[in-house]
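Listed below, chain by chain, are the residues.
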Amino acid sequence: MKNKNYPFYFTIAALALYSVFVVLPGFMGIAYSFTDWNSYSTEVNFVGLDNFRIIFSGAENYTDYILNTLFFSITTIVLKTLIGLGLALLLSSGVRRFAHLYRTIIYLPVVLPTIAVGLIFRSILNPRTGILNEFFRAVGLDSLAQGWLVNPDIAMLSIIGVDTWKGVGYIMVILLAGLQTIPQEYYEAAQIDGASSFDRLRFITLPLLMPAITVVTVLNLLYGLRVFDIVYVLTGGGPGYTTDVVFTAVFDEFSKGRYGVGTALSSVLFIFMTVISFFIVRRLTRNPVEA
Amino acid sequence: MLLNKKILIPTRNNLTALFFCLLVIIPVYLVIVNSLKDSAQARTMSAALPELLHFENFITVVERGKLAQTFVNSMLYATSATIISTLLSSMAAYVLSRNKSSLNRLVYFFIVMGIAMPLNFFTLTKIMQLTQLINTQVGIIVLYAATQIPFNVFLIYGFVDAIPRELDEAAIIDGCGPLRLFFSVIFPLLIPVVVTAGMLSFVGVWNDFLLPLYYLNNSAYWPMTLAVYNFFGQYQQDWNLVSADILLTVLPVLIIYLLGQRFILSGLTSGAVKG
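Taken in sequence, the protein lines are chains A and B. Residues in the first sequence are numbered consecutively from 1, following my numbering. Residues in the second sequence are numbered consecutively from 1, following my numbering.
Calculated from the structure, these hints are not laboratory results. We put the beta carbon where it would ideally sit given N, CA and C, even for glycine.
Here are the simulated lysine-lysine pairs, BS3-like style, with alpha carbons at most 27 Å apart: (1) B:LYS100 <-> A:LYS4; (2) B:LYS126 <-> A:LYS256; (3) B:LYS100 <-> A:LYS2.
Cβ-Cβ distance ranges computed for the label pairs, FRET-style: (4) B:ASN135 <-> A:PHE46: 26 to 34 Å; (5) A:SER41 <-> B:LEU179: 46 to 54 Å; (6) B:ARG105 <-> A:THR104: 32 to 40 Å; (7) B:LEU18 <-> A:PHE56: 42 to 50 Å; (8) A:SER39 <-> B:ALA170: 54 to 62 Å.
Same shape as in the complex, but just chain A (with noise of 0.2 Å):
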């Protein structure tokens, strides 16, 4: 019965468009890392775990590329969850009359699209004429001017400022949601008890706002693994290799056609997100009157 007024023909098209052009990439990958697959030769053979050795030997610079990816999720998860969660707490009870405001102006950046947002900075960051060390000579603070992309100790951390300054409405909208769903009441009844303000964010706002953290912080962990757009535009991976990441790496091969090498960086990804994304879909499918 359910099957006559419920088709499996209406999921098809869905199902196929998303199998032969997102998960089937996927597994032929893996099974094309084992070979020396390149744009110079027709002919593509079986080579071990050469490009597995490649990666990870650090005889190449890719074990950075995958810490500074690491390194670019791990900062920018604790960046955009702090900000986030400090703005999603002062618009839902710090100010009254233009909270609806604020949150539209904060979220703004999240809907520009990257490539505009690093061009943009790529100007404000400029050493020479840049309008941040313009500002910092302007009121003598002529040691906070830095080469904020060209220098290679604080390149990445620039990349990660203005990843921050694009992604942290995204959390913050979802964290002013997660804090709506905690009712009022507990928080009258903990002031009545004497609790401090302190007292109430620790013992009842960061338990109940447990479940919304944990979804932020899946859902930049799986920005941050994939970033591309904001590295490519701002530094392109430099200066030298220090801000390269697996997705800027993987294009670089792509360009050189070193195609074996780079579908083995790809399925190295691959296959630990989707290992991350099975536990975590399947805990958000688990029960389905929730999700």
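Based on these hints, arrange chain B on the given structure of chain A.
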């Protein structure tokens, strides 16, 4: 104490919020004012107001950046991919949610896993070649539609449960077939979530430049994002023109965001918070 509570704390809070708003607004402001300056005045991308309003910058970039063509391309990709993906996703989500057989649960799980899956651009190239879709506009639309499916199915699936099954039963008794049931009864009720999914898809496709970077060599097919990046490469010295180009590229998503804010924000939070 009272003074503290009534005036000082709210003032401090509002100033903090304003500070963060200012951090957001300054870069946007810089783009707007510099897009109206002449090349010399815009060189340092300063915050100063333009001496004269050079509206002709916009005409210049539209001509030199071939923005009419790239705008049409972006519109074509974002609109087609959004329609295909939201339509196919609603059909799938509807059946997967209404008929929770063990096969359908597995299919749902399999599709939602895609939210986190990174694309393998190398083997995807192979598939694009095999299907003759590489370097074609149809190809890029199909790719965008495919990559948007997992999140859209996830978003719409939760919403289908909220539609009472009695409606289905009544329609079935009245003799509706599955297609008619879906398109005349269910789909109209799904409109709010479909609008949300559609807006998120549209903005996502409009803002993307990764897929064209890999799969569109022909510059006549480029969307606005890739074109603005290329334009920047050619006119790095003319920040007034680059700013004008950026502004025109951002404008459509800005309009969608300001008009459809309610839908966009509800979509982001509906899946996230309760799960």
